[in-house]
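In order, the protein sequences belong to chains A and B.
Counting in my numbering, the first sequence runs from 761 upward without gaps.
Counting in my numbering, the second sequence runs from 4 upward without gaps.
Rather than coming from a laboratory, the hints here were simulated on the basis of the structure.
Computed from a prediction, not measured in an experiment: that's the story for all the values here.
Glycine included, C-beta positions come from ideal geometry on N, C-alpha and C.
Treat the hints with care, as some may be off.
Stated by the list, open to error - Residues from chain B that keep clear of chain A, each with C-beta distances beyond 12 Å, as calculated:
| no. | residue |
| --- | --- |
| 1 | E58 |
| 2 | L509 |
| 3 | L531 |
Claimed, not checked - With a Cα cut of at most 30 Å, we get these calculated BS3-like pairs of lysine-lysine:
| no. | chain 1 | residue 1 | chain 2 | residue 2 |
| --- | --- | --- | --- | --- |
| 4 | A | K940 | B | K529 |
| 5 | B | K487 | A | K940 |
| 6 | B | K439 | B | K190 |
| 7 | B | K529 | A | K1046 |
| 8 | B | K562 | B | K487 |
| 9 | A | K812 | B | K529 |
| 10 | A | K1046 | B | K504 |
| 11 | A | K906 | B | K575 |
| 12 | B | K382 | A | K812 |
| 13 | B | K439 | B | K223 |
| 14 | A | K853 | B | K487 |
| 15 | B | K223 | A | K1046 |
| 16 | B | K575 | A | K958 |
| 17 | B | K578 | B | K487 |
| 18 | B | K190 | A | K962 |
| 19 | A | K962 | B | K539 |
| 20 | A | K853 | B | K529 |
| 21 | B | K578 | A | K906 |
| 22 | B | K539 | A | K958 |
| 23 | A | K940 | B | K575 |
| 24 | B | K439 | B | K539 |
| 25 | B | K539 | B | K513 |
| 26 | A | K962 | B | K504 |
| 27 | A | K812 | B | K578 |
| 28 | A | K853 | A | K902 |
| 29 | B | K562 | B | K504 |
| 30 | A | K940 | B | K190 |
| 31 | B | K562 | A | K902 |
| 32 | A | K853 | A | K812 |
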Amino acid sequence: MKHLSPGAFAAVALAVLTAGVASAQAPSPPASPAPAKVEAGPACADCHDEAKIFAGNPHMRAYGAAHKGAQGSEVCATCHGDGTKHMEAGGDKTLIRTLHGRTGAETCATCHKQSAERSSFKTGVHASSEAVNCLSCHSIHKSNPKQASLLVSEPTQLCATCHQDAASSFRTLPYAHRLKEGALSCVSCHDPHGRSAKHAVKETRAGEPGCVSCHSEVRGPFVYPHVNGVAGDCTSCHIPHGSSYPHQLQRATIASQCLECHSTLAAGTLGSQPPSFHNISLPRYKNCTTCHVAVHGSQRSPQLLK
Amino acid sequence: MRTFRSAFLVATLAALGSAGLARAQAIPFDIEVGYRFLTLSGSEESYRSQINEREGFLVRSIHIGEDGKTSGFPILDHLRIDGAELGAGPAGSLRLDAGLAGAYRLRASYRHFDQFSALSGFANPLGAVVGQQTWDRQRDVVDVNLELLPGAVVTPLLGYTSNNLVGPGTSTAFLGQDEFRLGQDLKVHDQEFRVGAGFRAGPVSGEFLQGWRRYRETEKLSLLSGAGAGNNTGTVLDKDVNLSSYSRSSVTDINTPTTSFFVRGFLTDSVQLIGLYVKSSAGGDDTDTTSATGSLVSFPVARFFTGLTENGSSRVDNTVWRAGARVEWHVLQGVDVTGGFVRRHATWDGRDLVSSLFSGTSTFTGFTLADLTTILNAKNSIERTEDVYDVQVAAKAFGPFGIRAGYSQTQQDLTISPDPSEIVVPGGQGGTFNRKINRYEGALTFAAGGFFIAGEASWDDANVAVLRTDFTSRNRERVRATWKGFSWLTLGATGLWIDQKNDTILISSKGTSRQYTGDVTITPVKMLRLHGAYGKMQADSTIPVRAPQDFSVFDSVNKEDGELYEAGLGLKFDKLAIDGFWTRFANEGTYEYRLYRGGVRVDFDATQHFGLVGEWSVDRYLDTQISTASFRATRIGAYLKWRP
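The whole structure should be built from the sequences, with the hints applied where relevant.
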């Protein structure tokens, strides 16, 4: 198969994109929606305690930086709309916009709409259905003060609300990543705003499996690589959500783990047959990695012996 | 131990310093610090390999600036620091987020991991209690990102990441037709500097980032005391093989500049285009020296020998680039269409030169010969291209329903040209492979009247397998349903079904996985929460394999049959909170074991500023296969909470 060179491909992609954007007639999207005019009169904080403590909220900071001298009520209006009638009616809730469910999340996406390379607030895997939306995990006024990003609870606990099966694996299998201490959480490996492909698993900037962000010693490149990045990835052998077997392997014994690929019963697949002196009925040869120590790749040994 | 003390000292000093600062500036501050006791019976190696919560001082949690605001600092308008589990590990973290709106935003994190492995069932050819490959290492990861002038037209970006892995271990070396246990000292330092800029000009915005990564690894290996006899208790060609000395040292240096460019623009209010280009070029050099003496045998050179001196140097170049474009079209309220294409291309070129001097050589019939030098001069290469097309439609505004459907196609082209030295047994180590995978996926959500249902499914088919364990078809379905009919009752259930197979003649593998959980949460009164869950996990896979020694064919079978019970309780009074849990998991599959876990935490706020926390937890692991790997660990913790 003939491929475009990387430079030519990038040039074409960027030219198409730039041409598209240049020809667009749409006005520039504002950094944040313009606030509704609030008539002089009582401020939101006169009645609402949430408004009194809003000064430390990242929304207030961002709005304040973009609109010097802005009053608290103005930033309230960006999400809740003009509150004049609400105030005049003595606090009638039907005369103010409250944010719930999917329609509430649509308000969030008014500002948080720009997509990144692998994730999108607006069209990501968790975005804006009635069942799962921004407000399922974040709360503007009632977030957990011990959590960043206005989360209502710690990330792992939030994910477990729906992903009970994955949460159970971490809690109950003997060999699993340690999530309970907080140094790692579901969002260390998954992007909750990511696209649905590959379960929104994070990759490194260079496109490697996210595992090597921590496990850099198996990143390579190696003179003699094995599986990772070539014809498989870390999950070819390991189960990141937890395993019954040492090193979170897929199989109970090393011999099974290795032989399932290294068995040339059928032509056309990658993975050589071990030589016949490997008598796997003996413990010495059942433990393949005792000799083949460099299973993640070697700089020195074609047979991954060191 | 030294690292643990350092981490605890740093955390405590940081906490005290921050407390003073926080108090002076009226920034909220909250710390929980104390001591954890550990009582362990059974296998310490298993306990540390699985859990590794040790006895010692512990900063359980620290939070500074949790309301996100500051006062009195000219260069800060927000500061928050969150830390957890610093000290007696095994995984601690400290995160900082600070900034001044419109001026800068600084995000930094420090994470520490104690990595321990000494397993009974791994690298254990002699059936000893602990396997021959172990480690006891510390990993420290620091990540710092600074964004200047956030929100401006151009926002300069600076970043630094450091990942250190240090510590002793044991490993093995194959030499002279035997394996020998070695002591290992490994030092890995991986760091990356990044500089770039984000930009925003009308409807176009994006980011350019240039990074420089340097990876340096040094490894020293030497023969462990008493390990000279090797694993092979017999003789080779009537000669006893043994090692009297062994040392190996290697240094690996890898430099990787990475350039990434990402741009997005709004064609109209409802159409967004995204383009990306990433290029990463890694160049690695490795040198190593090995020397060994003993009574050894080499079949490749057909000699006995008494000494080996080996010098090696290698070079590997790996260039990866990725380019693509996406479109996101907001068709109408609640309906979005997205699609994209990305190409990933990677090449590896490896060159390896090894000079081996065999001294004290003799033929297998006993004739003394001169020293022998062999040269390995290898060159191999790999090229891989992957094209992925995807399109997805999401309709989320059908009242309580949300629907998503998508299709993607992945085309993989792989060419491997191994060096002849890599080919031990002909076949399976090189060639050209092309694989095409089609994926159809869909999801449905429903939320109304206290019901929540989310289902997702994907169906993959591939024309061929590259690895034997690759699928030719795979289905995955998952459903989660909850019902919150009353304010005091929530019922939930989850089901996961995965089926995959490879129909290739003489492979004919199949695998299934089933996972079911049911859970109930009851809050009869506001102060009391009760939780219970039951789960079932089953997995079966078979694939025929060939035994190397006699070419017989047999099925490699893996089975999991696990059953889970969970119970939890939460009780909250004005100043007192009690949380408890208990779980039991039993697996009767290929590897049988049972695992019991339980714990209670009592949290008492004595005053507005001080509180006391007591914790008790137990982990009991019963290994049916290797009974000596079982353990029971009880931990008791006493912590002081302080909010100045």
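*Sort out which numbered hints this structure fails and list those numbers smallest first.*
Numbers 2, 6, 7, 8, 12, 13, 16, 24, 31, in rising order.
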